[in-house]
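Number of protein chains: 2
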Amino acid sequence: MNKEVKNIKKLIVNQSLELDCGKIIKNFPIAYETYGTLNKSKSNAILAFHALSGDQFVTNINPITKQEGWWATAVGPGKAIDTNKYFVICINVLGGCMGSFGPKEINPDTNELFGTTFPVITIRDMVKAQIYLLEYLGIDKLLSITGGSMGGMQVLQFASLYPNKAHSAIPIACSASHSAQNIALNELGRQAIMADPTWNNGNYFKTNLSPDKGLAVARMAAHITYLSKKSLQEKFGRKLQDTGSLKFSFDADFQIESYLRHQGTKFVDRFDANSYLYITRAMDYFDLEKQFNGNLSSAFKNTKSKFCVISFSSDWLYPTIENKEIVMALNACGANVGFVEINSDKGHDSFLLNVPKLLKTLSEFLNSTYKEINNEKRI
Amino acid sequence: MNKEVKNIKKLIVNQSLELDCGKIIKNFPIAYETYGTLNKSKSNAILAFHALSGDQFVTNINPITKQEGWWATAVGPGKAIDTNKYFVICINVLGGCMGSFGPKEINPDTNELFGTTFPVITIRDMVKAQIYLLEYLGIDKLLSITGGSMGGMQVLQFASLYPNKAHSAIPIACSASHSAQNIALNELGRQAIMADPTWNNGNYFKTNLSPDKGLAVARMAAHITYLSKKSLQEKFGRKLQDTGSLKFSFDADFQIESYLRHQGTKFVDRFDANSYLYITRAMDYFDLEKQFNGNLSSAFKNTKSKFCVISFSSDWLYPTIENKEIVMALNACGANVGFVEINSDKGHDSFLLNVPKLLKTLSEFLNSTYKEINNEKRI
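So the sequence lines, in the order shown, correspond to chains A and B. Residues in the first sequence are numbered consecutively from 571, following our numbering. Residues in the second sequence are numbered consecutively from 571, following our numbering.
Among the hints, a few may not be true.
[Claimed, not checked] A few chain A residues that don't get close to chain B, going by computed Cβ distances all over 10 angstroms:
1. Ile634
2. Thr686
3. Ser747
4. Arg851
[Stated by the list, open to error] Quick list of the computed label-pair ranges, beta carbon to beta carbon:
5. B:Thr635 with A:Gly904: 49 to 59 angstroms
6. B:Lys871 with A:Lys636: 53 to 63 angstroms
7. B:Ser819 with A:Asn901: 36 to 46 angstroms
To be clear, the hints were calculated from the coordinates, so they are not data collected in a lab. Just so you know, even glycine gets a beta-carbon here, dropped at the ideal spot from N, CA and C.
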């Protein structure tokens, strides 16, 4: 994606941040968006973390894609995460392509775009970078932190790094470390991008070409994993496109083929191929258990947050069993944790969709956290 | 793959075959291999059908790859499909790249390689082409027909087309029609190949390049689907390659990445990218139910074969439920059918692996068919 991203809220972080890879970055931008109004006591802020292909535009119309934000089902006035009541913040992750410091930004040392000279970042780096915005906004403690998929990983990392910075935490459809299958699927996406000769070792910005075909294939692969076998069968089955009969060619005969091609094509208009490499790498590197020498429970030993862990029955990318491992680790250190497995046929994508039980869970859990804080204050 | 395939047994079919697409082919080669000895009564022949990436070299050392044949675990002297007792035949499918009529063969009308001018073929076309070899060998009725995955689809198609040509039939880990998810996964592979500029609309044989990168990505994608999440986790987990620490780069850090890259690279040495397109297309087009106006049971209404349908508990590509639909259709028309779901953590690939219960099932079922035939003859 070579589109210039304009009119985006950015904070230039003047401090130095040492990344997990050992490199130190400074004077770097983080792009963000907010929804609703921060109350006087600054006690109604919710930090939402986006997933691999997301960005800071959680709800309303995304100014770049002109489509609804990625969590418009859940976030907005009167919605589950009610922006009449809460102040919702979302930050484009480090390594992203919507204005935050990432491979399509200028390297101040060389005055050239980074490309793959950008340092490999981690989920921990992403989370650390976000703290600067909270400081800037003067928010000492968040009402809640939430996100699905890679967003959920950030929730876990945040809760572990900053045990007293969020009253509650809602990791959704995620895992404390990527399984071999998930690493394999991400590697498939990376190989698809790197197989595209226009990727040019990450230096495609030096040409007029970009690895759109490779990125589209990566997106198609990922998209298949976001849906369940059952939802694909019910939505598409073997339905034919157009003519109603087989064409005996390699055109899109089946609706599912046409749908996938469309998903691939649409994605390259809004996403940077190098960012895709960096963000999937961060996901694969994420291993909270390893950060604590093989004891996941230690990751949360100082947490003051109340947790609500949510999984979906048909999610085969981050199945319930992996979400339950988080719950077990939280239980083992005496944390306050609830767990809901929501029945849904819609696969991993359920966290983004209009799944009433998810929305009800979010709404009620946030409401109870909000009430608790206010009650505490009254006492 | 531009390697010339030499010293391969071929039958040149002199008859005309009308394909499902409407085209008529004639004087076409079918490449095959046999193992064991055909007995005098020609009653000990088993036709094994290969899967997407297989070929006619079922067992022993494959003369092209110098590796063991794809079903060396099951087929050989003293093995489950005992070549001391049975005469095993396998034919490279139409559209394949190991000597049978396919996109890398010469179009006799133009004296050029076919490439994507080769007609789109179906599983039914593949099966029809194989009958000519049986006629040539003078085999009127097979002891059994068997195969896994696309091999299983051919078993079903054969049993339906030729209800009195096999005493028994063993479809393994397959489906009577491709699910939307399986079409999606095949389409992903095709898009990866077609995204490779060296594919050159299928005319890569006119250049010195071939779409190796695209084909490797397609193979990686497929390979992930052949294994279960659990088997990947147990075999690879998050084990690191080489150094034992993260490299903060896009090299293969994890063993699973290195393994996948190796699978991709190895595959392009032995497989033709256009063949991959044609064969996956045939799989997606396969819909035995549709051939019989929506009634799968009608497909088998005249069958004289005794069936043994086999599935694997961890196969998510062709899950047990899809294999059971075949059993139900066979039951509904009063066919003689047994069904085994074998517990295995190894995913779809189980049919190729040393899974003792599979081998026992094959051995015993074939033995019982063999005895029945001999008893019948005695009477």
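Hints, one by one, checked against the model:
At roughly 25 angstroms, the least C-beta separation between Ile634 (chain A) and chain B is larger than 10 angstroms, which holds for a residue marked as non-interface. Listed as outside the interface, Thr686 (chain A) is inconsistent with that label: its C-beta sits roughly 7 angstroms from the nearest C-beta of chain B, within the 10 angstroms cut-off. The claim that Ser747 (chain A) lies off the interface is violated: its Cβ sits roughly 6 angstroms from the closest Cβ of chain B, which falls inside the 10 angstroms cut-off. Under the 10 angstroms C-beta cut-off, the non-interface status given to Arg851 (chain A) relative to chain B is violated; the minimum distance is some 7 angstroms.
Checking the proposed 49 to 59 angstroms range against Thr635 (chain B) and Gly904 (chain A) shows it holds: the Cβ atoms sit about 57 angstroms from each other. The hinted range of 53 to 63 angstroms is satisfied by Lys871 (chain B) and Lys636 (chain A), whose Cβ atoms lie roughly 55 angstroms apart. Under the hint 36 to 46 angstroms, the C-beta atoms of Ser819 (chain B) and Asn901 (chain A), about 37 angstroms apart, fit the expected range.
Checked against the numbered hints listed earlier, the structure breaks hints 2, 3, 4; every other hint is satisfied.
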